[in-house]
Amino acid sequence: MEKIKLERKVLSRNDLLAAELRSLFERENVAVMNMVSSPGSGKTSLLEKTLGSLSRKLSIGVIEGDIQTDNDAARIAKTGAPVHQIQTGGACHLEAEMVRKALTHFRLEDLDLLIIENVGNLVCPSAFDLGEGLRVVVISTTEGDDKPMKYPAMFRSAHVMVINKMDLLPHTDFDIEKAINHARSLNPDIKILNTSCRTGEGLDEWSELVTAFVHENV
Amino acid sequence: MHELSIALEILDIVEKEAVKHGAAVVRQVHLRVGDLSGVETGSLAFSFDAVKGEKDLTRHAVLAIEHLPVKIRCAPCNEVFAGTGHMVICPQCEGFETELLQGEELEIGEIEID
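Chains A and B are the protein sequences, given in the same order.
If you count the first sequence from 1, you need to add 1 to reach the working numbering.
If you count the second sequence from 1, you need to add 1303 to reach the working numbering.
Looking at chain B on its own, in the form it has when it is part of the complex:
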């Protein structure tokens, strides 16, 4: 359960950015979460809603989560594949010489303010 500290961190970053832009209110926070990030998004959304009221600016913020599936490149096959679940093994040659292109993200893409 580290989703609560992540939610607090997101609110912190968002609040600072909103203040910098002279926002009256934050409407939406767009978050990208990779399937390998280790974050449980249901629990993160719950935590976010539980603590967003602590700051006036974020009281009405909606957390929009975009899931990023695992994407790998297999060097011997020279092809890009969708990973199977959390696996980074090549689905074609079953080799381990793969490079992770996507799946470990935990980042705020953009915020919407008024």
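So that you can see chain A by itself, here it is in the shape it has in the complex:
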């Protein structure tokens, strides 16, 4: 019997590829944002609004990740933005390798911002770095306010938390303060924005945040 010391991080292949993607994005001057959420939090609606308000100022490409269907890509294509759909065919998250393959559908040198809409899932996508510079987790007031507590890894790895569907807040028991406190107790540095894609609440701040992120990177 022989013991061999390894001291090796697991997931190293994805991490390695993500690091390669990150330096590629830097070379091409593309800011990359990874959007994660549970299903139905309004991620695609927020994305449509983002494209609506920023596509005149910035050149934005979108990668859509879903287990099945290209419904979301069809919604995004209507905004005129170049979009590519990844159908994971059962996988519950995107991996760096899938993003690398999807990049052949874009002219990176023409883009200021690449937005990756991950598969709607608050568990697995947290563990897979896609080479992004900004990770945004979207939750909504029609979900439990204990989402941060239930999915700590996701909220720890995100830079920004968006609480969407603020227009529905009066009709729910969602406790904003509790959700924010929980998120901060997991991730003291997380930025928090409240939005409603229906009333437009918070969308200006959101657009400013995304624009500032792009200018920091480009």
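Hints are computed from structural coordinates only; laboratory data are not their basis.
One or more hints might be untrue.
Stated by the list, open to error - Distance condition first, Cα-Cα at most 25 angstroms in a straight line; then the derived DSS-like pairs of lysine-lysine: (1) B:Lys1319 x A:Lys151; (2) B:Lys1374 x A:Lys179; (3) B:Lys1323 x B:Lys1374; (4) A:Lys192 x A:Lys179; (5) A:Lys6 x B:Lys1358; (6) B:Lys1323 x A:Lys10; (7) B:Lys1319 x A:Lys192; (8) A:Lys6 x B:Lys1323; (9) A:Lys6 x B:Lys1319; (10) A:Lys79 x B:Lys1319; (11) B:Lys1358 x A:Lys4; (12) A:Lys79 x A:Lys50; (13) B:Lys1319 x A:Lys179; (14) B:Lys1374 x A:Lys10; (15) A:Lys79 x A:Lys58; (16) B:Lys1319 x A:Lys10; (17) A:Lys102 x B:Lys1358; (18) A:Lys102 x A:Lys79; (19) B:Lys1358 x A:Lys10; (20) A:Lys151 x A:Lys192.
Dock chain B against chain A, hints included.
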């Protein structure tokens, strides 16, 4: 459920290392998993056992998982605390100026081969 891809990744790393050392068989894989790693260890152990037979070298490998609890240092208190569950908030002053010392690990410590 990303534990299956993690299990495959572990087997890959272990097999390469075992080949490098001329092993006939891998007996044990020592894995350290932090409570904040996002990995469900029960499901990882299940996945590991389900796929380890795909490689001759790892067929008999036992996955030994060491759990690493959350450990934080609070700057204002200048003390090290065990985190409460997944929280990185200071249990003493309830402040957020904490540094994570332990809890996000997902790493292979060592392997035992014959």
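Comparing the hints with the structure gives:
Taken as a hint, the lysine 1319 (chain B) and lysine 151 (chain A) pair is broken in the structure, with Cα atoms around 36 angstroms apart against an allowance of 25 angstroms. This hinted pair checks out: lysine 1374 (chain B) and lysine 179 (chain A) have alpha carbons roughly 24 angstroms apart, not beyond 25 angstroms. For the suggested pair lysine 1323 (chain B) and lysine 1374 (chain B), the alpha carbons sit about 35 angstroms apart, so the restraint of at most 25 angstroms is broken. At roughly 15 angstroms between alpha-carbon atoms, lysine 192 (chain A) and lysine 179 (chain A) fall within 25 angstroms of each other, so this suggested pair holds.
For the hint pairing lysine 6 (chain A) with lysine 1358 (chain B), the CA-to-CA distance comes to about 21 angstroms; that is within 25 angstroms, so the pair holds. Only pairs whose Cα atoms come within 25 angstroms are accepted, and lysine 1323 (chain B) paired with lysine 10 (chain A) is accepted, the gap being roughly 18 angstroms. Taken as a hint, the lysine 1319 (chain B) and lysine 192 (chain A) pair is broken in the structure, with Cα atoms around 42 angstroms apart against an allowance of 25 angstroms. With a C-alpha separation of about 13 angstroms, the suggested pairing of lysine 6 (chain A) with lysine 1323 (chain B) holds against the 25 angstroms cut-off.
For the given pair, lysine 6 (chain A) sits about 14 angstroms from lysine 1319 (chain B) by alpha-carbon distance, which is consistent with the 25 angstroms threshold. A distance of roughly 48 angstroms separates the Cα atoms of lysine 79 (chain A) and lysine 1319 (chain B); the hinted pair therefore is violated under the 25 angstroms criterion. Taking the CA atoms of lysine 1358 (chain B) and lysine 4 (chain A), the gap is about 20 angstroms. The hint holds against a cut of 25 angstroms. Annotation: proposed proximity of lysine 79 (chain A) to lysine 50 (chain A) holds, straight-line Cα distance about 12 angstroms (limit 25 angstroms).
Note on lysine 1319 (chain B) and lysine 179 (chain A): the hinted pairing is violated, with a Cα-Cα distance of about 47 angstroms set against a maximum of 25 angstroms. Distance check on the hinted pair: lysine 1374 (chain B) and lysine 10 (chain A) sit about 19 angstroms apart at the alpha-carbon level, within 25 angstroms; holds. For the proposed pair lysine 79 (chain A) and lysine 58 (chain A), the alpha carbon gap of about 18 angstroms is at most 25 angstroms, so the pair holds. Proposed proximity of lysine 1319 (chain B) and lysine 10 (chain A) is supported: the alpha carbons are some 15 angstroms apart, at most 25 angstroms.
Restraint check for lysine 102 (chain A) and lysine 1358 (chain B): the C-alpha separation of about 28 angstroms exceeds 25 angstroms, so the hint is violated. A C-alpha spacing of about 23 angstroms is found between lysine 102 (chain A) and lysine 79 (chain A), which places the hinted pair at or below 25 angstroms, so the restraint holds. Under the criterion of a C-alpha separation no larger than 25 angstroms, the hint pairing lysine 1358 (chain B) with lysine 10 (chain A) is consistent with the structure, at around 21 angstroms. For the suggested pair lysine 151 (chain A) and lysine 192 (chain A), the alpha carbons sit about 19 angstroms apart, so the restraint of at most 25 angstroms is met.
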